[in-house]
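*Asks:* Place chain X with the ligands on chain H using the hints.
Chains H and X are the protein sequences, given in the same order. Going by numbering that gives the first Met the number 0, the letters in the first sequence line up with residues 0 to 323, in that order. Going by numbering that gives the first Met the number 0, the letters in the second sequence line up with residues 0 to 465, in that order.
Treat each hint with caution, since some may be false.
[Claimed, not checked] Simulated pairs of lysine-lysine, DSBU-like, Cα-Cα distance not exceeding 35 Å:
#  : chain 1 : residue 1 : chain 2 : residue 2
1  : H       : K32       : X       : K382
2  : H       : K45       : X       : K391
3  : X       : K308      : X       : K132
4  : H       : K22       : H       : K45
5  : X       : K308      : H       : K99
6  : H       : K199      : H       : K99
7  : H       : K32       : H       : K22
8  : X       : K382      : X       : K421
9  : X       : K132      : H       : K22
10 : H       : K199      : H       : K32
11 : X       : K382      : H       : K45
12 : H       : K45       : H       : K199
13 : X       : K221      : X       : K391
14 : H       : K179      : H       : K199
15 : H       : K199      : H       : K213
16 : X       : K382      : X       : K221
17 : X       : K382      : X       : K132
18 : X       : K308      : H       : K32
[Unchecked claim] If you want the ones that stay clear, here's a sample from chain H, every Cβ over 12 Å from chain X, calculated:
#  : residue
19 : H101
20 : V125
21 : G141
22 : L321
[Said to hold, decoys possible] Coverage of chain X stretches by chain H, computed from C-beta distances (three or more under 8 Å per stretch; other residues unrestricted):
#  : region
23 : 220-229
24 : 235-242
25 : 301-307
26 : 361-375
27 : 434-446
Worth flagging that the hints you see were computed from the coordinates, not collected in a lab. Note that CB positions come from ideal geometry on N, CA and C, so glycine has one too.
Here is how the chains run, residue by residue.
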Amino acid sequence: MTAITLAKGITLGLRAAMEADPKVIIMGEDVGKLGGVFRVTDGLQKDFGEDRVIDTPLAESGIIGTAVGLAMRGYRPVCEIQFDGFVYPAYDQIVSQVAKFHFRSHGRITMPIVIRIPFGGGIGAVEHHSESPEAYFAHTAGLKVVACSNPVDAYWMIQQAIVADDPIVFFEPKRRYWEKGELDEQVEPDPLFSSRVVRKGSDATVLAYGPMVKTALQAAAAAEVEGQQLEVIDLRTLSPLDMAPVHESARKTGRVVVVHEAPGNLGLGAEIAARVSEECFYSLEAPVLRVAGFDTPYPPSRIEEEYLPDLDRVLDAVDRSLAY
Amino acid sequence: MVGTVVLTLCHRSQLMHRTQAPQARPEIEEEKTSTATGKHDDSPHHTRGASRSATHRTGAGDPGSLAVRELLVISAGSGAAANASSGFGPGLKEVFGPAVEGTGPELIQLLTPEGERVEHPEFAFDEDDETIKSFYRDLVMTRRIDTEATALQRQGELGIWASLLGQEAAQIGSGRAMREQDFAFPTYREHGVAWCRGIDPLHLLGLFRGVDQGGWDPLADKFNLYTIVIGAQTLHATGYAMGLQRDGLIGTGDPDRDTAVIGYFGDGATSQGDVNEAFIWASVFNAPVVFFCQNNQWAISEPIERQSKIPLYQRALGFGFPGLRVDGNDVLAVYAVTKAALQRAREGSGPTFVEAYTYRMGAHTTSDDPTRYRVIDELEHWKLKDPIERVKAYLSRGGVADDAYYAEIEAEGDEMAARLRKGCLELPDPSPLDIFDQVYEEQTPELVAQREQFASYLASFEGGQS
Ligand SMILES: Cc1ncc(C[n+]2csc(CCOP(=O)(O)OP(=O)(O)O)c2C)c(N)n1
Ligand SMILES: [Mg+2]
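Isolated chain H, as found in the complex:
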């Protein structure tokens, strides 16, 4: 057992993946000598060399576009996008190229590319550094999208994403980078594309992923004091969704609240609400409720605490669900 931070979990996972497969290479801005602005790639260039840990020119489209060519040569590029708000120059390459190669080539060409994106707010940053763009990618056929929420998952999920043969957008909750967890390598990890019940409960189900898992757990702890048992599910995979545990929980509690930082309009919560109502209609005691960022651009940081879903807003939704 070792205590590691979430950031360290990714670092160790990257290191293990690079040791296991010489075709794994890391590319991004400032990932080499600096070790990334969050130090996630710290020490990797020193140990694996400049050919495998590449400080790229400052152009995101270039990072992803060249990853495509490298993938065609059998490499497994792990691309770092420095912050969520800077992925858009690469959007065309991701959505029109990375996502479609397998389909267009009848599977002759695979794109085992991982695109790491630190996402979400809560760190007091200036604009473009706090966004949650996951829905754009989950909406795109050909891409898989996952989000880790804790150090142990970070460690395993990044390795699983790297060995997977489809392109994966890998979201990392940047405000949880420094939170700690105990890693026991003997414990078998869950499969990558699976959701997981992280707290058992019977009164209502709270679904979350990435940074909001902790918020949901805090809400559940507070609810317990008030006598309510909330079940919390860490979705982990956003595309494909793993709905089985969600449906099971919904059938049990009859009440579902989905939480994410991203704006509510056409966010993950909308898809989940639709699927739960399609599959569990007769079990539901209340409509599926969403707690999300507002449908505005991310606000200046002095009011981000108001913008972001927090314990109170989650409980407010739970109360509304229970009162239905």
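*Replies:* Frame of chain H; chain X with the ligands shown alone:
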């Protein structure tokens, strides 16, 4: 000749000074020869300057015979490609001239680090000493803003700060070269240009504190909001310039009417697609825009070598407009060159690339730790080229200013800093409800409902909030 933008022969980058050498050097960069400066005639309009001056570069006898097209076949990079006889067209050194070390003749300088005025064959500083005194004030005040903001960040009053330390001359020289009607598109570091545009520095602090995203009026102040997404603003600058063109605001000869745009960006930004597209647009539409690149040698932890194999200003030629390298720590040279480039744009002669060769003396931002990736020697080397010290040396030597003047400016700076500090702490946080009203010009019913819902949620807390 003064005021005419001239293409100089291109030389080996001064960057060879760098103590770290992460990459194998291309063969052509091994050379250490000096070279002459090429220039073309001094007629005011040089819309086809690139191809004409290409002739001078290669020394071909027949002016205009070498088309820009031929420059495009240059394979920059490895030694073999630099050879003329390889079948891949002219080599780099044939086109750009032999390489030189250090501050080669391509570096336009009018005031040495020691504070001596020097002549340049094409550019001169044609303002009086009083103007230089006022530059001094701007430089010192700008640095004072920077120091205060850095301190405020350290004390937790700002989320982050992007220091301009070392780049004051590049910003004041270019900012002061603008005329009232000109429009600037900054990055996130142009605090000195903001100062020249008359923006209250408190607005800059507001952005970095997180109370808003730039409190000034970009259209009225003719200074766009800061742009953090690297390079995006160069296209905006180009589009704005195309608007001026269509509005008949260039080439009329009326100095109060003809207008130019200046787009700021860094050395790292030159790799972005947007920036390269901006060059293409500006070139083919002959847009009245000056691309002002502060090459501070670093893009966070990545040295300039990671963005370019040739000196940045030489890239302009490939796009079809002139590029110049100016000593970015020399406020007089930056002023003279930018003024000429802006005038060229106003006259309808199209875009110019100005590379202000400078150095980022501080960390990338207050969140950064440069000791992880660069050596201290480099900093020491650049300390000797301080942009303020050389102006002070010049003013003192000529008796233009004395200690009393410096003390006066110092006091003015302290006063401003105190005002900024107080103002920063008093900046009101925005109301969380305001964000709903800012999204659209025409408000949507959905957002109105969302706002109302949130308002009643906030009110449901004891004592309410907002
Ligand atoms: C599209 C985009 N990608 C990445 C970043 C993160 N980032 C901020 S500043 C910077 C380096 C910029 O270097 P340069 O253009 O030389 O400007 P300087 O900071 O040196 O003034 C990077 C990579 C960003 N802001 N925007
Ligand atoms: Mg730079």
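*Asks:* For every hint, state whether the structure bears it out.
*Replies:* Structure-based check of all given hints:
With a C-alpha separation of about 24 Å, the suggested pairing of K32(H) with K382(X) holds against the 35 Å cut-off. As the CA atoms of K45(H) and K391(X) are separated by approximately 44 Å, the hinted pair breaks the 35 Å bound. With a C-alpha separation of about 38 Å, the suggested pairing of K308(X) with K132(X) is violated against the 35 Å cut-off. Proposed proximity of K22(H) and K45(H) is supported: the alpha carbons are some 17 Å apart, at most 35 Å.
As the CA atoms of K308(X) and K99(H) are separated by approximately 33 Å, the hinted pair is consistent with the 35 Å bound. Only pairs whose Cα atoms come within 35 Å are accepted, and K199(H) paired with K99(H) is rejected, the gap being roughly 39 Å. A threshold of 35 Å between alpha carbons decides the hint, and for K32(H) with K22(H) the separation of about 21 Å falls inside it, so the pair holds. Taking the CA atoms of K382(X) and K421(X), the gap is about 31 Å. The hint holds against a cut of 35 Å.
Taking the CA atoms of K132(X) and K22(H), the gap is about 60 Å. The hint is violated against a cut of 35 Å. With a C-alpha separation of about 44 Å, the suggested pairing of K199(H) with K32(H) is violated against the 35 Å cut-off. At roughly 30 Å between alpha-carbon atoms, K382(X) and K45(H) fall within 35 Å of each other, so this suggested pair holds. Between K45(H) and K199(H) the CA atoms are separated by roughly 44 Å; this puts the pair beyond 35 Å, and the hint is violated.
The suggested pairing of K221(X) with K391(X) holds, with an alpha-carbon distance near 30 Å, which does not exceed 35 Å. This hinted pair checks out: K179(H) and K199(H) have alpha carbons roughly 22 Å apart, not beyond 35 Å. Annotation: proposed proximity of K199(H) to K213(H) holds, straight-line Cα distance about 15 Å (limit 35 Å). About 33 Å separates the Cα atoms of K382(X) and K221(X), which keeps this hinted pair within 35 Å; it holds.
Between K382(X) and K132(X), the direct Cα distance comes to roughly 22 Å. Compliance with the 35 Å bound is thereby established for this hinted pair. Between K308(X) and K32(H) the alpha-carbon distance is near 20 Å, which keeps this suggested pair within the 35 Å criterion. At roughly 25 Å from the closest C-beta of chain X, the C-beta of H101(H) stays outside 12 Å, upholding its exclusion from the interface. For V125(H), the requirement that its beta carbon stay farther than 12 Å from each beta carbon of chain X is not met, with the minimum near 6 Å.
Non-interface call for G141(H) relative to chain X: holds, since the shortest CB-CB distance, roughly 22 Å, exceeds 12 Å. With a closest Cβ-Cβ approach of about 16 Å to chain X, L321(H) is found to remain outside the 12 Å limit, as its non-interface label requires. Here the region 220-229 of chain X counts 3 residues with a CB under 8 Å from a CB of chain H, which clears the bar of 3, and the coverage holds. Note: the region 235-242 of chain X has 0 residues with beta-carbon separation from chain H under 8 Å; the three-residue rule is not met and the coverage is violated.
Only when three residues or more bring their CB closer than 8 Å to a CB of chain H does the claim for the region 301-307 of chain X stand; here the count is 3, and the claim holds. Residues of the region 361-375 of chain X with a Cβ under 8 Å from some Cβ of chain H number 4, which satisfies the need for three, so the listed coverage holds. Note: the region 434-446 of chain X has 6 residues with beta-carbon separation from chain H under 8 Å; the three-residue rule is met and the coverage holds.
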